[in-house]
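First to last, the protein sequences are chains U and D.
Residues 1 to 471 in my numbering are what the first sequence spells out, letter by letter.
Residues 1001 to 1072 in my numbering are what the second sequence spells out, letter by letter.
In short, the hints are calculated from the structure, not lab data.
Every residue, glycine too, gets a C-beta built ideally from N, C-alpha and C.
Be careful, since some hints might not be right.
To be verified - Ranges between beta-carbon positions, derived for each pair:
hint, chain 1, residue 1, chain 2, residue 2, range
1, U, 388, D, 1019, 17 to 27 Å
2, U, 265, D, 1027, 26 to 36 Å
3, D, 1040, U, 272, 53 to 63 Å
4, U, 357, D, 1040, 15 to 25 Å
5, D, 1009, U, 272, 52 to 62 Å
6, U, 231, D, 1017, 40 to 50 Å
7, U, 253, D, 1027, 38 to 48 Å
8, U, 291, D, 1017, 52 to 62 Å
9, D, 1025, U, 317, 16 to 26 Å
10, D, 1063, U, 272, 50 to 60 Å
11, D, 1053, U, 253, 47 to 57 Å
12, D, 1022, U, 265, 23 to 33 Å
13, U, 291, D, 1023, 57 to 67 Å
14, D, 1027, U, 56, 46 to 56 Å
Stated by the list, open to error - Derived coverage of chain D by chain U (criterion: at least 3 residues anywhere in the stretch with Cβ under 8 Å from a Cβ of chain U; other residues may be distant):
hint, stretch
15, 1007-1014
16, 1021-1029
17, 1053-1065
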Amino acid sequence: MQKLVEIVAGVTSGSTTATAVVEEHLARIKAREAEIHAFNLVTADQARKDAAKIDDDVKAGKAVGALAGVPIALKDNMCTRGIETTCSSKILQGWKPPYDATVVTKLRNAGAVIVGKTNLDEFAMGSSTENSAFGPTKNPLDISRVPGGSSGGSAAAVSAGFAAASLGSDTGGSIRQPAALCGVVGVKPTYGTVSRYGLVAFASSLDQIGPFTSDVRDAATLLEVISGHDPMDSTSIPQPAASLVSVLDQGVKGMRIGRVTDLPEGCEPDVLARLEAAFDAMRNAGATIVDVKLPSLQYCLTAYYLIAPAEASSNLARYDGVRYGNRVDAADLNAMYAATRESGFGEEVKRRIMLGTYALSAGYFDAYYGKALKVRRLISDDFARAYKDVDAILTPTSPSTAFKFGSKTDNPLAMYLCDVFTIPTNLAGHPAMSVPFGVGSDSMPVGIQVLATTMGEQAMFKVAAELERAS
Amino acid sequence: MTSQLAGMLEHFRDIDALDLSEVEPMTQPYPLKNVMREDVEAKSLDRQEVLDQAPAAESGRFRVPPTIGFDV
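Please take these sequences and the hints and turn them into a complete structure.
Following this line, the structure appears as structure tokens:
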């Protein structure tokens, strides 16, 4: 895997060209994409044109951006003007957005070259890409296993060397879990750090865009570019982007790292062994390990699987066959709505719309959605208490390494349990990232999750960089 | 799917064990309020580009099946 920062250095100094870099990545896509299916769409022609433009600028001595010539893949739920954006759903198949997401504009302005749109679980609902209407993505490290999800295509694209970096979205772990399963770095920033304008909404109070890269420095570099206030997103935090690359070499000496003593059960022993090794590495680097209790964590799955479907049931009401996407014609408007949704949505999306609608309905609102919002507060308060004593917390990213296709598809609850360590940060709105840290008993990668408090990205990246040095 | 949904709702009863009477609901992670922009003209989406992506459009508008009076 070619590092993002090396590509930028090579292209800007003239020791390589954006065209050469893009051709290398397109050649890898050509060689393995049929087997992996990381992409819904490869935009090879446009990528070549964009690369040539950067090379012309370099030759002409013009300033090029912080991501000059870097091939980047985008999860197919980010709007790209005139380029098909499907959310891996039949209901949006063929739709070409009339505008670019803010992250897309920022990437282009920084000189990144977009190589394609990556596969996901339909509307980002899932943990394996098995819910994609266009077929699953395979894990590049073992194609009998899932890449994780929902941003499985974005994780696989980086893992397979199809792109130097990619963007995903994370509502309950959809960046961190596939990053762990594919052996790459994945970051969910603080809610409001990266603009959601042009990200197709799933659960608006939880969704956040973030990067996949092959190492921590690349992740910091890319996150600096896509962060920052955006007036087009009313939930965007009105503060400038934090400096992250500058803290990577500072080490963790004197930092207090939290160990959760009441971690939810169900984690595989080989994954827990890697977590212990991570604590040892932190201790060896001069950090202090502090026990913390998060008693409400055991309720996070319930809170999440009521809140996220409730928000989704409202957000997905826009797919009515009127303004965009596909329509199934019928005699009157209501019959058209029903026929369009029956044909356009997959099983998991329907399941969550029904669950969310039920949780919000009169008579059940207080028992389900109302209670879930209160549990969300408890979880947030637990974290607030813990972060008085620690600067960051380490947990596994996922309870297991990459699992085999079909092993969880019959039992939605078993699939939902994949997110048990990643969900709490979305509920709290905090940042968290997954860093590859060795392998499990099946030789598949294990990801360690670094959590920090709101706007705690600098502490999180210091710890992540130290973990990477120790791995 | 009905039995799967019933199973999930059963699982979700675990929060019934909590006393939440004194807890404030949390609807969003970052307490921003009344985010307004300056009242100045800004560029909007190109109408034709938007309508080109609609399943059916006519005379600069979205076209839909009959909405009322179908049974009359």
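Hints, one by one, checked against the model:
1. Look at residue 388 of chain U against residue 1019 of chain D: about 24 Å separates their beta carbons, and that is inside 17 to 27 Å.
2. With their beta carbons about 30 Å apart, residue 265 of chain U and residue 1027 of chain D fall inside the hinted range of 26 to 36 Å.
3. At roughly 56 Å, the beta-carbon separation of residue 1040 of chain D and residue 272 of chain U lies within the given 53 to 63 Å, and the hint holds.
4. Checked against the hint of 15 to 25 Å, the pair residue 357 of chain U and residue 1040 of chain D fails, with Cβ atoms roughly 39 Å apart.
5. The hinted window of 52 to 62 Å between residue 1009 of chain D and residue 272 of chain U is violated, with their beta carbons roughly 31 Å apart.
6. In this structure the hint that residue 231 of chain U and residue 1017 of chain D lie 40 to 50 Å apart at CB holds, the actual value being about 44 Å.
7. Judged by the Cβ atoms, the range 38 to 48 Å given for residue 253 of chain U and residue 1027 of chain D holds: they are separated by roughly 39 Å.
8. Between residue 291 of chain U and residue 1017 of chain D the beta carbons are some 24 Å apart, a value that contradicts the proposed interval 52 to 62 Å.
9. Take residue 1025 of chain D and residue 317 of chain U: their Cβ atoms lie about 22 Å apart, and the range 16 to 26 Å holds.
10. Checking the proposed 50 to 60 Å range against residue 1063 of chain D and residue 272 of chain U shows it holds: the Cβ atoms sit about 58 Å from each other.
11. For residue 1053 of chain D paired with residue 253 of chain U, a C-beta distance near 55 Å keeps the hint of 47 to 57 Å intact.
12. Checking the proposed 23 to 33 Å range against residue 1022 of chain D and residue 265 of chain U shows it holds: the Cβ atoms sit about 28 Å from each other.
13. Between residue 291 of chain U and residue 1023 of chain D the beta carbons are some 25 Å apart, a value that contradicts the proposed interval 57 to 67 Å.
14. The hinted range of 46 to 56 Å is satisfied by residue 1027 of chain D and residue 56 of chain U, whose Cβ atoms lie roughly 49 Å apart.
15. Closer than 8 Å: that is the beta-carbon criterion, and the stretch 1007-1014 of chain D has 6 residues meeting it against chain U, so the requirement of 3 holds.
16. Figure legend: the stretch 1021-1029 of chain D, annotated as covered by chain U; annotation consistent (7 residues with Cβ-Cβ distances under 8 Å, at least 3 required).
17. Evaluation of the coverage hint for the stretch 1053-1065 of chain D: fulfilled, as 7 residues show C-beta separations to chain U shorter than 8 Å, against a requirement of three.
Checked against the numbered hints given earlier, this structure breaks hints 4, 5, 8, 13; the rest are met.
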